[in-house]
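Number of protein chains: 2
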Amino acid sequence: MGVFDSGLGGLSGFRHLAQLMPNEDILYLGDTGRVPYGTRSRETIIRYACEDAGFLVNRGVKAILVACNTVSSTAMDTLRSTFSVPFFDVVTAAVRTAAASTRNGCIGVIGTEATVRSGVYGRQIRQIMPDAEVWEKACPLLVPLVENGRTRPGDRVAEIVTEEYLEELRDRGVDTLILGCTHYRMLKDVISGCMKDAVLVDSGAVGAEDMAGALLDLGTAADRSRAGRHTFYVTDSTEGFEKQASIFLETEEHLAVSRVDLN
Amino acid sequence: MGVFDSGLGGLSGFRHLAQLMPNEDILYLGDTGRVPYGTRSRETIIRYACEDAGFLVNRGVKAILVACNTVSSTAMDTLRSTFSVPFFDVVTAAVRTAAASTRNGCIGVIGTEATVRSGVYGRQIRQIMPDAEVWEKACPLLVPLVENGRTRPGDRVAEIVTEEYLEELRDRGVDTLILGCTHYRMLKDVISGCMKDAVLVDSGAVGAEDMAGALLDLGTAADRSRAGRHTFYVTDSTEGFEKQASIFLETEEHLAVSRVDLN
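Protein chains in written order, with our numbering: chain A, 1 to 263; chain B, 1 to 263.
Identical chains share a label here; the pair holds if one copy fits it or two copies do between them.
Calculated cross-link-like contacts (lysine to aspartate or glutamate; reagent style DMTMM-like; alpha-carbon spacing at most 20 Å): (1) Lys243 <-> Glu113; (2) Lys243 <-> Glu43; (3) Lys188 <-> Asp202.
Just so you know, the hints here were simulated from the structure itself, not pulled from any lab data. Since the model is a prediction, treat every value here as computed from it, not as a measurement.
Produce the complete structure using the sequences and hints provided.
Here it is, written out as structure tokens:
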């Protein structure tokens with residue numbers, strides 16, 4: 001199976017998938033040479049996503065998890081019409097989970113500029129819940145905060161920025177908040193502090209559960225007698241990969257990683 | 001002449017150059033599809049810089065201003081050995097200006113992770129001022145703050161983050177601070193607020209002055225009877241270019257911009 005992301009945020013989706021399907025070989029591609037995608041144009045995101053998926057398809061993966069909300073909300077139609085392997089994204093499962101969780105029909109979505117600009121979350125939520133009130137908010141400073149380790153409650157900068165972004169959603173009565181960017185789960189304690197009793201939906205985790213469930217249903221899961229191998233590819237240097245990866249994997253184990261050129 | 005940068009920050013260097021040499025045709029390339037460079041590895045920065053410079057050389061420019069501190073501090077040796085056009089960078093002139101300005105020999109340098117990791121500023125300052133005390137500090141959150149418009153005095157987040165980064169430099173007695181990233185000039189009022197009486201050296205502006213002076217000395221400047229044409233190239237979509245560019249150019253004029261593919 002293949003998993004890709006604009007960078008290393010998708011490793012949290014990978015980690016969930018590896019726990020749910022311990023017998024599967026998984027290839028992870030992080031486009032660290034061109035991260036972030038969330039501030040780029042639609043055309044560029046689609047072009048990069050096709051190069052990422054093409055790399056994994058050429059290595060023979062049988063299904064792909066798009067572990068990046070920006071790509072999941074922008075490029076799925078193009079990916080599905082370009083490649084014949086099944087794709088799973090991190091939007092669809094988050095929408096279903098949020099719709100099942102909300103009590104008052106008031107759902108918030110936070111994500112990158114590209115994810116919010118796409119409007120995909122709002123459209124998908126209203127498809128299964130036509131009366132839902134959906135409040136979407138781009139939070140462009142949260143990714144740099146996470147990548148600089150500013151994630152703990154008590155970090156004044158993380159708290160001020162998060163409060164500025166979430167104040168309106170809280171005041172609108174949002175009772176379920178979709179973390180529509182894989183980085184945001186690292187800030188979940190700070191976000192919870194702002195959102196009081198709202199349920200937080202971790203899009204990376206539920207996307208991985210969705211894929212694992214579908215593959216088990218289809219009977220295409222791997223032989224249970226062997227442990228899956230994990231292979232990591234990045235497009236920037238591999239130097240420093242383990243240190244950064246440990247933020248999202250929450251492990252210190254040694255990881256085999258190679259640099260690849262997508263062009 | 002050519003000017004390139006990882007993104008649009010180099011437009012402030014371009015603006016200075018266009019004012020100093022109003023008769024020159026200037027091509028500006030911003031690698032907006034892969035910005036930022038400052039968090040990437042040395043090898044990737046060098047590879048991207050060669051692709052940027054190659055694009056301008058293929059269009060026949062007679063000299064190139066590397067309007068990006070990350071590239072200026074990481075890739076100049078490779079650029080000069082790969083291409084035969086003269087290159088000007090934004091480090092050399094900033095070093096000379098800072099050495100001429102300091103009264104106590106205590107110079108601070110702020111920049112991206114890649115610029116500080118290179119150690120180029122410290123080495124170049126000590127070459128012309130062996131007894132100088134140089135304090136270099138990577139400030140990775142300042143670029144996202146500028147790009148999100150968080151630049152004004154009174155912005156609590158900008159003030160807290162800037163104070164955290166600069167506190168030590170101020171306490172060390174730095175009397176001259178090199179803004180070793182073209183984005184930082186947008187934060188100069190907040191930075192001045194932290195640094196009291198220190199002189200701020202704008203590396204983009206002094207780099208442009210250095211190039212203009214050298215070309216005038218060499219007698220290779222353009223015919224004075226005509227106005228120079230300005231052409232802009234970016235690697236992400238051109239959509240939204242004028243709005244973002246106006247931050248650095250401080251003008252609302254219409255700009256001709258094309259998207260190009262460097263691969």
